[in-house]
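Undergrad: One-letter residues, chain by chain:
Protein chains: 2
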Amino acid sequence: MKLDAEWVTGFVDGEGCYHVGIAKHPEMRAGVQVLPEFTVVQHERDAQLLHALKAFFGCGVVRRNHGARMAYRVRGLEQLGAHIVPFFERHPLKSQKRLDFDKFRRVVRLMEAGEHLTPEGTARIRAIAAQMNRGRLRESPAPLETGEDEPSEIPCRVSSDPHER
Amino acid sequence: MKLDAEWVTGFVDGEGCYHVGIAKHPEMRAGVQVLPEFTVVQHERDAQLLHALKAFFGCGVVRRNHGARMAYRVRGLEQLGAHIVPFFERHPLKSQKRLDFDKFRRVVRLMEAGEHLTPEGTARIRAIAAQMNRGRLRESPAPLETGEDEPSEIPCRVSSDPHER
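So the protein sequences, as listed, match chains A and B. Offset between the first sequence (1-based) and my numbering: plus 5. Offset between the second sequence (1-based) and my numbering: plus 5.
It cannot be assumed that every hint is accurate.
One copy or any two copies: either way a pair holds, since identical chains are not told apart in the list.
As the list claims (entries may be wrong) - SDA-like, lysine to any residue: derived pairs with alpha carbons at most 25 angstroms apart:
hint, residue 1, residue 2
1, Lys59, Leu98
2, Lys99, Glu11
3, Lys108, Arg50
4, Lys108, Gln38
5, Lys7, His96
6, Lys99, Leu8
It should be emphasised that the hints constitute simulated quantities derived from the structure, not laboratory data.
Please take these sequences and the hints and turn them into a complete structure.
TA: Take a look at the structure:
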């Protein structure tokens with residue numbers, strides 16, 4: 006399935022989530038690990054859309070989230086900085102989610118500058134992350150694979166599917 | 006805000022709902038009223054998107070749904086048949102919601118042929134409507150303005166916004 010850039014922007018305006026997790030991590034220099042993540046969650050019936058997004062962006066993974074929910078997920082500074090952020094700079098979101106993307110982009114750029122490796126930079130990033138996804142719909146994240154703690158922020162979207170209750 | 010057709014298709018793939026309500030209505034010849042409806046619900050912070058959809062399609066209304074949720078809603082056979090159905094015929098949805106649209110379109114076309122005015126036609130429409138939005142996310146509809154009963158089917162989407170609890 007081939008996707009159009011405008012379709013992707015519209016779909017992400019509805020279904021996408023930009024999230025910055027911050028997990029305690031004593032082995033890291035700043036004592037925490039910063040985990041930016043772009044996610045699109047769908048019911049498994051639309052898993053093919055998630056695979057189409059993965060092909061479109063040329064990065065990320067499609068995994069089961071929980072229950073019948075699947076997630077397309079991009080973590081990793083390199084992929085976010087080279088693929089995800091530039092796309093949404095060229096194709097601005099039309100919803101208020103754009104404000105979250107702007108903060109997400111700032112965090113990714115700060116991390117590219119190595120700011121997440123210092124306590125001062127981490128404090129800056131934490132302050133930005135705390136302003137994200139406020140009053141947004143939320144879905145509890147799947148457990149982080151890398152952090153030692155649950156992230157201090159949780160992603161955007163709770164969807165209640167009656168078939169999962 | 007000007008919308009692109011592909012953006013609209015992507016956004017509706019995520020956020021749109023095609024619904025056929027069937028309400029008892031003793032004054033109608035077939036004893037029921039058939040109420041097809043196309044809806045996009047958003048938090049009020051994105052009300053401007055709903056107004057942009059209204060301008061894009063050239064029909065429908067933007068109303069408060071409940072709480073902080075707003076809805077763009079198109080009812081009325083003429084508007085659905087002339088504006089909504091043809092658009093999504095030209096710009097097919099990519100998600101499984103397309104299957105609901107296909108049924109919705111069949112109902113609209115049957116109604117244009119007057120089938121909803123006969124008991125046999127109503128039974129056909131009811132059978133199609135019963136196959137819609139199965140296992141979809143749901144949101145309880147705002148009360149119908151015209152029917153005497155609540156519709157027998159409810160639209161697609163439940164979103165849980167922590168700020169509304």
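Undergrad: Among the hints numbered above, which are violated by the structure, and what are their numbers in rising order?
TA: none
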